[in-house]
Structure formats: structure tokens, C-alpha cells
Amino acid sequence: MKYIDEFRDGAVAHSIATAIAAEVDPARAYHIMEFCGGHTHAISRYGLEDLLPANIRMIHGPGCPVCVLPVGRIDAAIWLARQDGVTLCTYGDMLRVPGSRRLSLLKAKAEGCDIRMVYSTLDALKLAQSLPQRQVVFFAIGFETTTPPTAVAIKQAQALNLGNFSVFCNHVLTPSAITQILDSPEVRELGTVKLDAFIGPAHVSTIIGSRPYEYFAEEYQRPVVIAGFEPLDVMQAVRMLVRQINQGRFEVENEFSRAVTRDGNEKAKALVAEMFELRRAFEWRGLGLVPYSALRLKAPYAAWDAERRWDVPQDSPPDNKACECGAILRGVKKPIDCKLFGTVCTPENPMGSCMVSAEGACAAHWTYGRFRDVEKSE
Amino acid sequence: MCLALPALVTELLPDDSAKVNLGGIAKTVSLALVSGVAVGDYVIVHVGYALSVIDPEEAARTLALFAELDQFEAEPA
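Chains L and F, in that order, are what the protein sequence lines are.
Going from the first sequence to this note's numbering is simple: count from 1 and add 12.
Going from the second sequence to this note's numbering is simple: count from 1 and add 769.
Worth flagging that the hints you see were computed from the coordinates, not collected in a lab.
Everything numeric in this text was worked out from a predicted model, so none of it was measured.
For each residue, glycine too, the CB sits at the ideal point set by N, CA and C.
Take these hints with a grain of salt, some might be off.
[Unchecked claim] Below, in silico cross-link-like pairs of lysine-lysine (PhoX-like), each with a Cα-Cα straight-line distance of 25 Å or less:
{"id": "1", "chain 1": "F", "residue 1": "K796", "chain 2": "L", "residue 2": "K346"}
{"id": "2", "chain 1": "F", "residue 1": "K796", "chain 2": "L", "residue 2": "K351"}
{"id": "3", "chain 1": "L", "residue 1": "K310", "chain 2": "F", "residue 2": "K796"}
{"id": "4", "chain 1": "F", "residue 1": "K796", "chain 2": "L", "residue 2": "K206"}
{"id": "5", "chain 1": "F", "residue 1": "K788", "chain 2": "L", "residue 2": "K346"}
{"id": "6", "chain 1": "L", "residue 1": "K119", "chain 2": "F", "residue 2": "K788"}
{"id": "7", "chain 1": "F", "residue 1": "K788", "chain 2": "L", "residue 2": "K121"}
[As the list claims (entries may be wrong)] With beta-carbon atoms standing in for the labels, derived distance ranges:
{"id": "8", "chain 1": "F", "residue 1": "L782", "chain 2": "L", "residue 2": "L172", "range": "25 to 33 Å"}
{"id": "9", "chain 1": "L", "residue 1": "K138", "chain 2": "F", "residue 2": "I794", "range": "48 to 56 Å"}
{"id": "10", "chain 1": "L", "residue 1": "F383", "chain 2": "F", "residue 2": "T797", "range": "51 to 59 Å"}
{"id": "11", "chain 1": "F", "residue 1": "T797", "chain 2": "L", "residue 2": "E226", "range": "17 to 25 Å"}
{"id": "12", "chain 1": "F", "residue 1": "V808", "chain 2": "L", "residue 2": "L172", "range": "22 to 30 Å"}
{"id": "13", "chain 1": "L", "residue 1": "G97", "chain 2": "F", "residue 2": "T779", "range": "48 to 56 Å"}
{"id": "14", "chain 1": "L", "residue 1": "Q95", "chain 2": "F", "residue 2": "K788", "range": "50 to 58 Å"}
{"id": "15", "chain 1": "F", "residue 1": "A829", "chain 2": "L", "residue 2": "T379", "range": "43 to 51 Å"}
{"id": "16", "chain 1": "L", "residue 1": "T379", "chain 2": "F", "residue 2": "A833", "range": "30 to 38 Å"}
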């Protein structure tokens with residue numbers, strides 16, 4: 013497959029690894045956070061940590077929108093699905109995430125709620141058109157990559173004057189999450205989480221461009237390299253970051269230049285800016301309340317906002333006490349530090365979102381990483 | 770979730786969409802978020818929408834940078 017296979021070439025991966033090994037300073041450690049769940053997944057799947065020298069430590073970040081959605085919002089989605097006449101449409105990832113009382117959308121569906129998995133927001137729109145007697149609610153999640161698709165659907169709903177379509181909006185923003193991590197006590201004061209550099213998200217950046225990261229690089233004096241999702245992209249980004257760290261630079265570099273420009277996708281950005289505004293605060297699993305980190309529909313689009321159509325509960329129940337998703341999302345703990353990992357919490361019986369989502373750190377470690385743990389202990 | 774894959778545009782369709790080929794699988798995607806897409810372009814597809822067009826020159830440049838084995842400064846793109 014073009015633009016995929018060439019970026020997965022094993023021999024090239026090894027040669028980049030050799031170059032990295034030659035460039036690292038053996039006297040120090042390099043702590044690199046990969047923000048995006050897609051990168052966590054690529055690193056695990058291709059065993060990239062095995063290719064890197066031991067003094068490069070990859071830290072998982074909170075860039076998985078499924079993982080960072082708090083229990084309360086899952087409960088709210090289930091509540092919506094239980095309302096009279098509602099058909100709830102959702103991306104597949106959300107179906108198995110546990111909410112309160114071990115409920116999930118999948119279990120609610122088994123109990124009789126009309127919950128449908130869709131691939132695209134346009135599928136949900138078509139469903140609303142074909143079921144005029146149902147109230148179709150789309151469970152919208154995702155970072156800046158996924159917000160424009162929601163915007164397009166609402167625009168089309170408006171053009172069609174569709175009264176039975178609405179969106180339960182949980183779109184979140186990448187820069188706010190990065191700020192929250194960099195401002196967290198573990199990073200800022202305590203130094204328990206050392207962070208030298210970031211690998212910037214791939215597809216979020218096709219939308220927002222590389223410009224928004226310039227603020228972080230300068231303000232927090234950490235280099236950022238935006239990387240594609242293929243293993244060679246990640247290896248090259250690590251190489252570029254090592255170089256910057258060694259040279260004391262903190263710039264934004266773009267490894268994913270085949271798809272990302274400095275300004276991003278102006279058409280998508282304009283559409284989102286026209287229709288959405290910032291919520292003053294939003295709760296993130298693991299990060300707590302983060303100011304100006306999430307979106308809701310502007311007043312002219314209130315008719316398609318599920319939270320204005322129904323009085324959706326805004327509770328904020330805590331996570332399972334033993335679940336370490338929060339700490340894992342902040343980079344403070346690893347999956348194996350969680351008492352539940354691999355014992356109670358497995359992909360068949362997930363206790364938290366990090367194990368359910370394909371991009372969650374725990375799911376990635378379960379699928380690809382735990383075999384390395386066994387080898388190490390033998 | 771973030772999963773987005775490069776796909777080859779094989780046919781432009783009315784109502785702002787296109788047929789694409791994703792590793793042998795044909796799909797229809799929306800072009801509402803991009804402009805100036807032509808048959809033969811590669812686009813990044815995410816949840817049923819094309820998000821951006823892949824720049825073949827930049828792709829080639831990136832592959833060439835991977836092959837760089839020595840310590841010359843890579844130009845920031």
C-alpha cells in the first residue's frame with residue numbers, strides 16, 4: 013500500500029536506530045512523551061522500544077479521546093440512550109468502555125436500548141433521515157481530527173432542516189491537554205515525571221497545523237516533532253528530538269510534512285470555528301477539570317445540541333479505586349504498575365478505558381508489550 | 770480512533786464525495802473538508818472523511834531523510 017509500506021521498512025528502521033544510538037549522549041536519559049494514542053499503538057505494535065537505546069524513555073500521554081472521557085460522560089450517553097424514542101449512534105470504540113456500576117453502551121444495548129455503531133457522522137445523519145419517528149443522537153468524541161466531521165454533519169442537518177438529529181458533544185482540544193501535563197505538579201515541581209520533549213500528534217496536526225505547538229516549545233522550552241503514525245515516522249521523530257535535545261534547541265519540527273503544513277486545514281478550521289465555542293472547563297479522566305479544553309455548539313446551532321434538548325445529567329462519579337487509568341494518562345504510571353492489569357482487567361473484562369480503546373496504553377501493552385515483561389523477568 | 774489511512778482517489782462523485790481505494794478495499798468518503806482533490810491523489814481518510822491530500826514531493830523528501838545516516842542537520846520542514 014502506497015504511503016504505508018515504505019514507511020514500515022524494517023531495514024530502514026534499523027538504520028535509523030543505529031543513527032539514534034550514535035547520536036545519544038550515554039551520560040543522560042531522554043524522556044519523550046508521545047501524546048497521541050496512535051503513536052502509543054505504533055510504538056507497541058512495532059516494538060520500537062526494543063530498537064531504541066535504553067536511555068530513551070517513551071512516556072505515554074493522554075492523547076486518546078476514548079481514554080480521557082470520564083465515567084460521568086459515559087453514564088450520560090447511557091442516560092440519553094434510555095430516553096424515550098432515542099436512537100444513540102456511536103463510534104465503535106465507545107461501546108465497551110465501562111461507566112458506573114460496570115455498565116457500558118454495549119450492555120445498555122443488550123438491555124434493549126437502541127444503540128447503533130456508525131463509522132461516520134454521515135451514517136448517523138442518514139439514519140435520522142430514514143427514521144423520522146426516532147430521535148437520533150450522535151455521541152461525538154475525539155480531538156481536533158474528529159471535530160470537523162461532526163461539524164459537517166450538523167451543517168447538513170441544518171440544510172435539511174432535520175429536527176430529529178442532535179449531537180452529544182465531547183470534543184476535546186490537544187493544546188489544553190499538553191498544557192495541563194506540563195503544568196502538573198509531577199512535571200513542574202516534583203519532577204516525578206521528567207519530560208524533555210514531545211512527539212506531536214499526526215492527524216490532529218493535519219487539521220490544526222504545526223503552528224499551535226510553537227507556543228509550547230517556546231513557553232516550556234521543550235522541542236516538539238510532529239510525526240506520522242508509521243513506525244519509521246516515529247523513529248525519525250525520536251532522532252530529530254534527540255538532536256534538538258543535544259543541541260539545546262526547542263523548536264517545532266514537522267516530520268509528517270507529507271500531510272501537515274504550518275497552517276493546517278483552513279477549510280476544516282473555519283467550519284469548526286463557525287459552529288463551536290469553548291466550554292469554560294471540562295473534566296478529563298486523569299487530569300481533572302481542565303479549563304478551556306473542550307467544545308460545545310454555539311447558540312445558532314443549539315437545536316442540534318443534545319445537552320440543550322434534554323436535561324442530561326452532569327454528574328462526576330469517580331473511577332474504580334484500583335484503576336490507574338488516570339495516572340497512566342498523565343505518564344506517572346505504566347500499565348504494569350496497575351494492580352488490575354492482566355488480573356481483573358483484560359480486554360475481555362475491561363475495568364477502565366485504557367484497556368478498551370485500541371489506542372489505550374493498557375490495550376497496547378496487553379496486545380504487544382507484555383511478552384517483553386515475561387522475557388525480562390526470566 | 771485517531772486511525773486515519775492514506776487512500777487513493779479513484780473516482781469523484783456528486784455531492785462532494787469520492788470513491789477511494791484503501792489497500793484494495795473500495796470506500797466512499799466525503800470531500801467536504803478538502804478542496805481541489807483530483808483522481809490519482811492520495812488523501813488521508815478518517816471516519817469517512819478526507820482530511821488532507823498527501824504531498825508526494827514531501828513524502829519522497831521524508832523517505833530520503835530516513836536514509837540519511839550521518840549527522841548532518843535535517844532542515845525543519
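Hint check:
As the CA atoms of K796/F and K346/L are separated by approximately 38 Å, the hinted pair breaks the 25 Å bound. Under the criterion of a C-alpha separation no larger than 25 Å, the hint pairing K796/F with K351/L is inconsistent with the structure, at around 43 Å. Straight-line distance between C-alpha atoms of K310/L and K796/F comes to about 32 Å, which puts the hinted pair past the 25 Å bound. Of the supplied pair hints, the one linking K796/F and K206/L is violated, its CA atoms being roughly 44 Å apart against a limit of 25 Å.
For the hint pairing K788/F with K346/L, the CA-to-CA distance comes to about 42 Å; that exceeds 25 Å, so the pair is violated. Straight-line distance between C-alpha atoms of K119/L and K788/F comes to about 35 Å, which puts the hinted pair past the 25 Å bound. Under the criterion of a C-alpha separation no larger than 25 Å, the hint pairing K788/F with K121/L is inconsistent with the structure, at around 33 Å. A hinted range of 25 to 33 Å for the beta carbons of L782/F and L172/L is inconsistent with their spacing of about 19 Å.
The given range of 48 to 56 Å is broken by K138/L and I794/F, whose C-beta atoms sit roughly 20 Å from each other. For F383/L paired with T797/F, a C-beta distance near 39 Å fails the hint of 51 to 59 Å. With their beta carbons about 37 Å apart, T797/F and E226/L fall outside the hinted range of 17 to 25 Å. Take V808/F and L172/L: their Cβ atoms lie about 29 Å apart, and the range 22 to 30 Å holds.
Here the CB-CB span from G97/L to T779/F is close to 40 Å, at odds with the stated 48 to 56 Å. Roughly 38 Å separates the CB atoms of Q95/L and K788/F, a value that falls outside the hinted 50 to 58 Å. A C-beta distance of roughly 33 Å is found between A829/F and T379/L, which places it outside the suggested range of 43 to 51 Å. Against the hinted window of 30 to 38 Å, the Cβ-Cβ separation of T379/L and A833/F comes to about 33 Å, which satisfies the hint.
Consistency with the previously given hints fails for numbers 1, 2, 3, 4, 5, 6, 7, 8, 9, 10, 11, 13, 14, 15, ordered from lowest to highest.
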